[in-house]
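Q: Both chains are given apart, each in its own frame, so use the hints to dock them into the complex.
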Amino acid sequence: MQSNVRSQGWIGDTPARSDGPAKVAGTARYIADIAFPNAIDASVVRSHVPRGRILGIDFDPNFDWSDVTIITAKDVPCNEIAEIECDQPALADDQVRHVYEPIVLLACEDKTKLQRAVQRVHVRIEQLPALLNVDDSLACNPLVLGKDNVMCSYRVVLGDAKAEIERAEVVVRGMYEVGHQEQMYIEPQGCVAYWDDAGLHVVGSMQCPYYVEKALAHALRLERSRIDVTQSVTGGAFGGKEEYPSVVAVHVALLSKKAGRPVRMIYERQEDVQATTKRHPARVTVEAGCDRDGTLRGIAVDILMDAGAYVTMTPVVLSRGVLHACGAYRWPTALVQSKAVITNTPPNGAFRGFGAPQTIFAVERHMDRMAEAIGMEPMAFRQKNLLGIGATMPTGQVLNGSVGVQECVQRALEKSDYLRKKSTLGKANSPAGATKVRGVGASVFLHGAGFTGSGEDRLKGAVELDLLKDGHVRVRSSSTDMGQGTETVFRQIAAQAAGVPFENVSVATPSTAHVPDSGPTVASRTVMIVGSIVESAAKELGERVRNEQQQHGGSFAEASNRLLEREGTVVVHRRYAHPAGVKFDDATYTGTAYPAYAWACDIAEVEVDLDTFEIDVVGFWSAVDVGRAIHPVLCRGQLDGGALQSIGWALCEEVQWKDGHILNPRMTTYIVPTALDAPPFMTDLVEEPYTFGPGGAKGIGELPMDGGAPALAAAIEHATGIAFNRIPMTPERLFDAWNESQRERR
Amino acid sequence: MVSSLARSWYEASFLSHGANMNFAYEKPTTAQALSRLLEQGGAGASLLAGGTDLLVQLRGRLIEPKLVIDLKGVEELSRLDHHDDGSVTIGATVTANRVIDDKRLSGAMAALPHACSHIAAFAIRNRATIAGNIANASPCADSVPPLCVLDAEVELRTTTATRRLSLPAFIRGVRATVRAKNEYIAAIHVPAQPKGTRSFFRKHQRVRGHDLALANAALLHDPERKRLRVAIGSCSPAPVVVVLDDLFESLDAQEAARRCMAAIIPISDVRASAEYRTDMTGVLVRRLFDDLKA
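Chains as they are written, first to last, in our numbering: chain A, 487 to 1232; chain B, 204 to 497.
Just chain B, same shape as in the assembly (with noise of 0.2 Å):
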């Protein structure tokens, strides 16, 4: 079931960096055989998709996992689905190059590859999935907003059941989301927007090259609905979604600023104090209602 050349690979980096080798390594090739491994491994296990993530958390010893599943054997996970009623499915491998690439997910989507264009530098983009993003809950994730802002879905699995949450639902806070030990994250799905629909994200970093976010936002206008309304990240522990409707009609940027600097809770950290967040995430919704009216 086991590739040895991916093993060897693993092995190998592993050691290099002084990881911590003492689990076992599968790739399961079927969604059957990865529910079942994962609920052998119970907490001992940790998921593998890109490993941006998780082999940073190894090195650092922050996680010490008995096993290790690597998703990517799964061919279903994979998929990159655009579905006649417009939604589309994102696949728990989907890499955010994959995203980017896609140029079918622009319009009412365009947040998304845009934001997933901010994530780290493009190596790591080669490899990094948009289901992890999301799964190590970061409250600087990129892709966080955009897809909160698109009303999209988690899909989580066990051997029996299948649920689907929202990502405020799914995120609890820093680092931490609902995901049950015997779950894994099969897929985003990203709702069909009505005709019309445009998003955008920015971004506010320290240098230009790749930086995690100050402060980061996603907003989606649906003129068919009538919904106004903006997600933003790195300024609390959860991605905080703000509803603005009542401003559909007069774009009053400066207000929508002033209720978004309101929801917030930001800290003040190494890469910047409360009230430059603070200040910062109006800028960033004031920019984004100018690249709605451009």
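The following block holds chain A by itself, in its conformation from the complex (with noise of 0.2 Å):
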């Protein structure tokens, strides 16, 4: 095992991050800095209803609409965004699913005109029975989609999990809960479309540019080659522009082709947290048998998750949270049962995590309560219990490189000094009558990096790498730079693979006519996946000029010179294959879910004032088997901000609903921690290679959502005596537990 050990060259080093300086000196053009000569504003005019049937549009007949650029449904090519189905319309037609689905476009030079346009427009909807929330849609009432509401289902069997856990010797049950999550990215979503005569263009902030290229052509009828998709810098994403551009790209592209003029349209934060997609809310059932010496036996977890009122990414988030459902431990019978239901909510989609943090805060939870019961120390239960090299997992992979989570526990325990406080701190060690309470609580979790099951095949991601003259090297690839840094790591991998300088790598702007498809920017996949081929594509451009070099001599400068001279241009085109031996079944959930995963234990510890309740984290350990960290610092960014957006979903995130409407859509009501929320963070990074990686990495970037939730539960529990099976963990509900607490005692 590699640890922390520098090596030659640029992976593992930490050059200064590439898209820092303009960051810092306030000189990046985000799409809203960006001037479109001749742009115009767009809006959209929303349903206020969560669900009914459009009997018409009214324009106020005494509203000048002769500068205002109208499109309804009926104006669109193909009234479809394409995303995994083509279920959600561009603009509703006959009825309304959510109180905020788009009805109709304007656009306007005059902004202060625009907002009043917006007024005058007036929607006759006649209001139907909509389904608020899960129950509402399990009941069927009303019945909306096929015959039970349900989107879709997915199963993983493994033995006969139901006997197993009969014959266990301890048998546990639990339901656990959680909700919404705003992504909150800095910048909200924006785009801008314009077309000339080689088609259409749009740029704007997004995390994939060939999907948005996808559902341009779709709705538009428009063949891709006429489409110029291209990302802006980009202030976030966390999963919200993976595929919510595609809406607001494809209103304004239809705009600008009616108006004649490039369209801009810039969502406020409220329409932004109205109107784009959440996490998915989930219930998870778990039932686990295991003996008293802590083996276990079985597991059994039903999956429940709210998906919205469209389908957008709810198939493959569910099927994640499927596969990470029975956590990071050697279960010999496993069996999951999942269903994702319809309800006239917005449309909730891809958020960091994808499903795992759901299923994980469940079943970490659910370890806790085993332990509990069979009177072990949770961290000793989930020990004897970890998968290793050689285990296999539910969907009958088995494990065989790069699982490097013992190492994790091991070492977290030892730095966070777990045991003792264990034993030290908590209710039962503390005075009667103390005003504050310390607790610590622990989670151990696993996250698989690239697509799900056969995604990866399907796709077949591709980069090009162009040789440039004097030896200079250019990555092109549609993996985009959100903040997490790509673009570095990228030059990192690329300089490393051909032997060149990091200064002499550069990347491409992400643009669809000039980037080939490296699949979307998602999954934890993009350092792990499509480095893979940046790194393989790199190596193969280097040893072409050292070739030139070896035959002609001169420097790498000269020899590359001399190569573009007579060849033209260099370029090293690479699509991603799976391994060897790396194939899923779809049909029966069974084979290699993912070719590696990423391995974590995180450790909380709190302080729990017991006049206002109010939480305070005060440590925060982590470790984490990143396979190779390219970049420490980035790579520690992305586990510290990952745990520090996990905590808030814990603590204090929640999207509060009444009739269908988010009554809390602004960042002075959906609280998000701040700077000064951040507990200090001991973030150690185990280095397990992964064979395939480039340079032994793995795919982080989602892992550290998946495991503070749990942890922050079990710490709070320690301190207070108070089991949260449901999150957010409030101040203000820990204020009514307690009280609950010791009414019961009386």
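If you're looking for bench data, these hints aren't it; they were derived computationally from the structure.
These numbers were taken from a predicted model, which means no experiment stands behind them.
Just to be clear, a hint being listed does not mean it is correct.
Unchecked claim - For lysine-lysine, the following DSS-like pairs were computed, each having C-alpha atoms within a straight-line distance of at most 27 Å: (1) A:K599 <-> B:K269; (2) A:K870 <-> A:K901; (3) A:K907 <-> A:K922; (4) A:K700 <-> A:K743; (5) A:K597 <-> B:K269; (6) A:K913 <-> A:K901; (7) A:K922 <-> B:K496; (8) B:K429 <-> B:K496; (9) A:K744 <-> A:K597.
Said to hold, decoys possible - From chain A, some residues computed to sit far from chain B (all C-beta separations above 10 Å): (10) D573; (11) Q581; (12) R610; (13) E663; (14) G685; (15) Y696; (16) T878; (17) E989; (18) G1054; (19) N1211; (20) S1227.
A virtual CB, placed ideally from N, CA and C, is assigned to each residue, including glycine.
A: What follows is the structure, given as structure tokens:
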């Protein structure tokens, strides 16, 4: 094992972030900063009821509409947003299915008039009974989809879990619930569209330019060759700019075509929080059996997710939730069942973690419950049952390398002094009348990197590397940098593999006219999957130049220039293919779900104020098996940032609803943690290299989102004796639970 | 009268945010000119000091003024004066950060700069004014409880008249004050406090970074006149002042908390329930007594 060892070359080094200086100096041009001459602004008229039939659209006859561009459903060549399914219309036509559903698009040069125009459009809607939550949906009250309102369903079976649980010495049942989460990227959604004789151009804040291109081609019935989608500097995404930019892009493209000039749509924060996708809420029921010595016998998990009104990414979110539902443990038998149901709320979609945080919260809380039932220390119980090399996962996948989970647990326990704190802190050890109590809690978890199942095989992501004059190298890929550091790490990977200095590598702006489709920038796949083909392409490029050097002499730069002179262009094209033996059967849900997993152990220490019930996270230890840290500073940045996002989800973030409307769609009402709320992060990198990742690296972008909530729940339980099976664990909820427990005691 | 640079800055910021631009902008340089403009503008005029509330209201189209009058051109409104008798005058355009940075606002008046340091974030406090915080009349305004316990008065002016009102008399309810359309806040007057007087402020919020108060409170302890009082914000439409002079000797925090909890009429909203607000008010009051005794 190589651990925190700085090797020769660029991988493992920490060059300054490529996008850093412009962002620090304020010169980075986000979509709202870019001047498009002659551009006009656009707005959306949305539904105001969660479900209904559109009877008519009235444009106030006393308003001057002469300089307002108007688009309704009938103006859309193919009224569908092409994602996994095409169920979501670009604009509602006969029916509305959530309160923020777009119905009419308006564009106008005078922005003040545009705002007035929105108010002068009156959509007459006959309100129909709506599904406001999963219980309405399950009860088919009303039935709106298929025969049971179920959008999708997956099942994993390993042995006869039910029978094995019945035979176990101890059986524990529990139900765990998590809510919506808003991505709250700093830069809201925004796109600009314009047309010229080449076709349609869309520039905007996005993760996946090729998803946008596909949606534009479908909705506007355009050939892909007539479309150029370019990512502008993107101020955060967290999954929120995976599928939603397709909607904004289609809207501006339609308006721009009709208006005959560039059209810009930048969401206000409130509109962004209301209308765009959020994390899927989930209710997870777990039944598991073990013997009194801590030997696991079987687990049965039932997952219910709220999809919202349209499919978006729901099938793959649910699938990832299913594949992570048994956690990081050796279960001899397992049965995971799941379904996502439709509701008349805005469609939920991609958000860092993508289904896994929901089910890992459940299984980790359940491991604590089982440990309690057999009187074992929760971490000892986990350690006894951890997955390792040679172990079989519920899909039948046998782990054959890069499993650093034991090491992660050991290091986190040591660095945090968990066991001593477990026996000296906590409610049981605090004096009567104490106003503050401390506790520690832990979680162990994994996150599969890359697309689920056969996704990568179907996708075959591509990159192209160009040799430039003087031996410089340019990486062309559709993998986007949205603040996580793609550009910097791709430069490192290419520099190391080609054998050139970091500063001689550049990364092309992701534009579908100029870069190949590397697949979307999602699923913790950028470094491990796309990075691996950047690495092999760069290696080949470097070898070609060195062959030229060997044959005809000169420096690397001189040999490059000779090659370019002779061949015109020197480009290496690479497509991704899974390593041999990585196969997944979508029909039976068996096989290798992910080519590699990142592993981690989180330990949280909290101090709870027994007057205000504020929860202060006084320390947060993570030991994470990242395979190999390409850039340790950026890697830790991802891990700490993801952990803070999980702390927010666990402690304060909550979307509040009434009749399908969001009650807190602003940053003053939907609270996210601030820098002052960030605990000291003690993050330890464990490096168990993955053979097929660049330099051994695995994907880690989403992993840190998975473990914070269960670790905090365990720490709060240790401190106060109150066991939360539901998040967020706000001071007010703790206050109520505490008062309840005091009443019970009396 | 209007600096073209100022005009273009405001136009640019309004344009980029899509607010209503159809209003005139004036920046008078004398109090008389200000009063006249306000008289002429009537109900269609809005006053601009720091703009941290006004811009939000313009953007949200909560107001659509015909005229925006910028107070920052009137020099006398920018004064923060300490008078010989110990009283303090805070002009209408004095920002929160100026109050925080004023080292003489300590001891008796310490609660005021402390409360100001809880208003929004540093950059906002560079523009946000104390007068604006009061004029906006949000129940959770952090500067209000300390000004209440300090018996501060709001000075309102028209072209012909001046009147002074205590804060509880000035603030009628949620975003409602008794300011007439032709009046503007010229200053806030904080009276001199007897020797040995101390004041304290506390706030309960959801995160450590800037957040609106779920409850906030200030306490004043005046040993010379044996006065003890607490003001509570964010738990009623208008600030609640609880006079606790009879507890001056005992400093019975439990009893003080009980009375304060009884005096408020909190609501449940997206930030907290009424029950939690009530309980937190009790905690804040007890902790203010701890501060006093420390």
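Q: Confirm or reject each hint.
A: Here is what the structure says about each hint:
1. A:K599 <-> B:K269: holds (16 Å)
2. A:K870 <-> A:K901: holds (20 Å)
3. A:K907 <-> A:K922: It holds: about 15 Å lies between the C-alpha atoms, which stays within 27 Å.
4. A:K700 <-> A:K743: It holds: about 18 Å lies between the C-alpha atoms, which stays within 27 Å.
5. A:K597 <-> B:K269: holds (17 Å)
6. A:K913 <-> A:K901: holds (23 Å)
7. A:K922 <-> B:K496: Within the cut-off at roughly 20 Å; holds.
8. B:K429 <-> B:K496: Within the cut-off at roughly 15 Å; holds.
9. A:K744 <-> A:K597: holds (18 Å)
10. D573: holds (32 Å)
11. Q581: At about 30 Å from chain B, Q581 of chain A clears the 10 Å cut-off, so the statement holds.
12. R610: holds (23 Å)
13. E663: holds (20 Å)
14. G685: The assertion about G685 of chain A holds, with a minimum of 29 Å to chain B.
15. Y696: holds (31 Å)
16. T878: holds (44 Å)
17. E989: The claim stands: E989 of chain A keeps its Cβ more than 10 Å from every Cβ of chain B (closest is about 35 Å).
18. G1054: holds (46 Å)
19. N1211: The claim stands: N1211 of chain A keeps its Cβ more than 10 Å from every Cβ of chain B (closest is about 21 Å).
20. S1227: holds (16 Å)
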